[in-house]
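There are 2 protein chains.
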Amino acid sequence: MRDAKLAVETGVDGLDVVIGTSSFLREHSHGKDMAYIEKTAIEVIEYIKSKGLEVRCKSCSPSHSDPRLHPEIPEISPMQQCPDEIGCGALTSSAVSSEDSFRSDLVDLLSLYKAVDKVGVHRVGIADTVGCATPRQVYDLVRTLRGVVSCDIETHFHNDTGCAVANAYCALEAGATHIDTSVLGIGERNGITPLGGLMARMVVTAPEYVKSKYKLHKLKEIEDMVAEAVQINVPFNNPITGFCAFTHKAGIHAKAILNNPSTYEILDPADFGLTRYVHFASRLTGWNAVKTRVKQLGLSMTDDQVKEWYVTRASWALGTRKY
Amino acid sequence: MRDAKLAVETGVDGLDVVIGTSSFLREHSHGKDMAYIEKTAIEVIEYIKSKGLEVRCKSCSPSHSDPRLHPEIPEISPMQQCPDEIGCGALTSSAVSSEDSFRSDLVDLLSLYKAVDKVGVHRVGIADTVGCATPRQVYDLVRTLRGVVSCDIETHFHNDTGCAVANAYCALEAGATHIDTSVLGIGERNGITPLGGLMARMVVTAPEYVKSKYKLHKLKEIEDMVAEAVQINVPFNNPITGFCAFTHKAGIHAKAILNNPSTYEILDPADFGLTRYVHFASRLTGWNAVKTRVKQLGLSMTDDQVKEWYVTRASWALGTRKY
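One line per chain: the protein sequences are A and B, in this order. If you use our numbering, the first sequence corresponds to residues 1 to 323, in order. If you use our numbering, the second sequence corresponds to residues 324 to 646, in order.
You can take every hint at face value.
Using 25 Å as the maximum straight-line C-alpha spacing, the simulated PhoX-like pairs for lysine-lysine come out as follows:
no.: 1; chain 1: A; residue 1: K32; chain 2: B; residue 2: K630
no.: 2; chain 1: A; residue 1: K5; chain 2: B; residue 2: K630
no.: 3; chain 1: A; residue 1: K114; chain 2: A; residue 2: K32
no.: 4; chain 1: A; residue 1: K307; chain 2: B; residue 2: K355
no.: 5; chain 1: A; residue 1: K307; chain 2: B; residue 2: K328
Hints were generated in silico from the structure; no laboratory data involved.
Only chain A is shown next, with the shape it has when bound in the complex (with noise of 0.2 Å):
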């Protein structure tokens, strides 16, 4: 309540209210059990809507309130926005949320978040502060949620074990309606749910909903944006923007490729202003590549002469064979 007050003071346009309600956090870090945490909560969130104000729950990553991790991007951040360089303005709803979710107890949670859904929040938020959580554990989690309060539902997912995209993917299945994310994934540890991984998920099950909503042409500028200010590499594995995410190399898997994009890309480059490549001098790719490579040259070649040359200068060439 001392710091609610202490925020009000400032005169911010909202609060974040966060807790930590599993038995490590509670016994480690701020010692308070679950009777005090609900009590003060209630209190806070009362204190704060008589003063008119709004509260909107972060989680606890502390990417979030950096604001070189929160350029201006309005039109592709699906959840989380700070549009100003200070912090969160423009705030619209009122939240409470609970750091570590996915170690507490499913009663205390529930009975917590059903005790502030009655005062009027606006939103409560589910984090895996620590990485913990698989898919389902996530899907069941936020759907029991999803049966307990009326309000919207934030989640926040920490990356230690590579499945934060899969989480955020998973809790918006099962009801949630907010999903916390950074440019690159920036945040404490190795990072939380990915911007660009997110979107590269949503895109395959809603193409046409997503990319009305977000300006997907302008991932790759801001992620190499972002990288540039924090002095990191784009990683050579990065969903989309991955310098080989739309590169084409397997013969069988070129073939195809050239004979209809969609039997092994999900994904059009062309959404995100990307353009796809087919290697077509690797020892891995077949005669099919070089034979499109050549009518793209505008050259005259049977099928029997691209076999020929690929047998033979290409793996010369690439010294898989040897004369």
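Starting from the known structure of chain A, fit chain B onto it as the hints suggest.
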């Protein structure tokens, strides 16, 4: 069959049997129908069995046949092992697999696998060749297949939507016996299930089993070796070995981590031969981290002195407070 005969003649120990079963691949890649696929699969399997050879399925990723990507890591590679530089020696099971399983007709797929299971294959394979599968789809498909065949089930997931680790994990939950991985997930497009990410996911769920079965402390070495060989950087956000995977910066995280690491760590860096690092000179870090650093240095300061230092010197040094 022609390919199978040619392959057997080369004197190999085992064969991979793979075919695309989705309508996309049947139409645009090989042009065969399901009746032909089933008939041919059975013929090929019976031929190979008659030669006393074993068959092992690989799905579609060319990385599997690239020896640079398969250094000798039998200790930690959970599933696929290519112990020699040529390809796969010492194969131990016979199997057949489909490509693009998640865009294939369910009844077609189950019929094919039921038929080859009857013929006596040791393993059937499910491949998310285009990376479109979601975790709950994977669980449902593998669970259904588990009820149809009695043999092992191998799975293969591409990472186009960032779900390859989660999908592999859901496959294991549903009864899959084998997961295809590669070091750093290197494979066609943006790759497949990464070995390290899957280890992170598995060790959280079954720590004792995973720690006794795999030499986790070799993970960083093998990833660094492969990254250097193929001239890429280990991604900044890689599970376990990303440069900040065990770095703590946020104030509430740092305080709790210093009290008890399991508050914010589900992975113990020591299991991987790594160490944790708590930032104490970041503007996101609270005074507790500074207090611990003071103790480490053998200095004597009261809490008030530490707080005073933190508020003045640290924030000044970090450019967040001006005089």
